[in-house]
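Visitor: Sequence:
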Amino acid sequence: MQGDFEAFYLRHFKAIYRVCYAFMKNAQDAEDCVEDTFVKAMSCGLDFENERHERSWLTTTAMNICKDKLKHWWRQKVTPIDDAAEVPVAQPEDHQEVTEAVMALPIKYKEVVWLHYYEGYQTDEIALMLKRSPSTVRGQLRDARAKLKLTLGGERI
7 MQGDFEAFYL RHFKAIYRVC YAFMKNAQDA EDCVEDTFVK AMSCGLDFEN ERHERSWLTT
67 TAMNICKDKL KHWWRQKVTP IDDAAEVPVA QPEDHQEVTE AVMALPIKYK EVVWLHYYEG
127 YQTDEIALML KRSPSTVRGQ LRDARAKLKL TLGGERI
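In this text, residue positions in the sequence shown follow the numbering used here: the first is 7, and each later residue adds one.
Since the hints were made in silico from the structure, they are not lab data. Treat the hints with care, as some may be off.
[As the list claims (entries may be wrong)] Simulated pairs of lysine-lysine, DSS-like, Cα-Cα distance not exceeding 30 Å: (1) K31 with K77; (2) K137 with K116; (3) K137 with K114.
[To be verified] Distance windows between CB atoms, simulated: (4) G145 with E12: 36 to 46 Å; (5) G159 with A13: 36 to 46 Å; (6) T142 with A21: 23 to 33 Å; (7) D149 with L76: 18 to 28 Å.
Where a beta carbon is used, it is the ideal one built from N, C-alpha and C, also for glycine.
Modelling step: build the complete structure from the supplied sequences, incorporating the hints.
Guide: Structural data, given as structure tokens:
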């Protein structure tokens, strides 16, 4: 069982860390959320259909854990020591600006943009993951692109 979980963890760690970092905007909180996600996966005893189902479940769970932590009363009372978050993946400066703009979106837009463009899920899959209608997801993607276009000056979108 331990070897299976280790392979499971190694297969999905990087993707789940990126999701958590996008929400939490710092490495320490992202690591905590990743740990909570994998603890939940280990303790829930689900049988996944395939690797895509594993990743979908982990991504949804990680996003929910991050949103819960962001809503927690303690987080709203604490002022971060260092507000300058570094993007964990080395990117050309042009891409870093886009990633920062995506991370600054409201959560309802950030999660659909992240799942669609960074994780490669289709709108119907995102709708199932987030328990929203496909038309709502498509509308949120449209609205998010409009916000990003305003933020980035319309050249990159």
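Visitor: Look at each hint and say if it fits the structure.
Guide: So, going through the hints one by one against the coordinates:
Distance restraint check for K31 and K77: the Cα-Cα separation of roughly 14 Å lies within the 30 Å cut-off, and the hinted pair is therefore satisfied. At most 30 Å may separate the alpha-carbon atoms for a hinted pair to count; K137 and K116 meet this at roughly 16 Å. Annotation: proposed proximity of K137 to K114 holds, straight-line Cα distance about 12 Å (limit 30 Å). Between G145 and E12 the Cβ separation comes to about 41 Å, which falls inside the hinted range of 36 to 46 Å.
One distance hint, 36 to 46 Å for the beta-carbon pair G159 and A13, holds here, with the actual separation near 44 Å. At about 24 Å, the beta-carbon gap between T142 and A21 stays in the expected band of 23 to 33 Å. Roughly 20 Å separates the CB atoms of D149 and L76, a value that falls within the hinted 18 to 28 Å.
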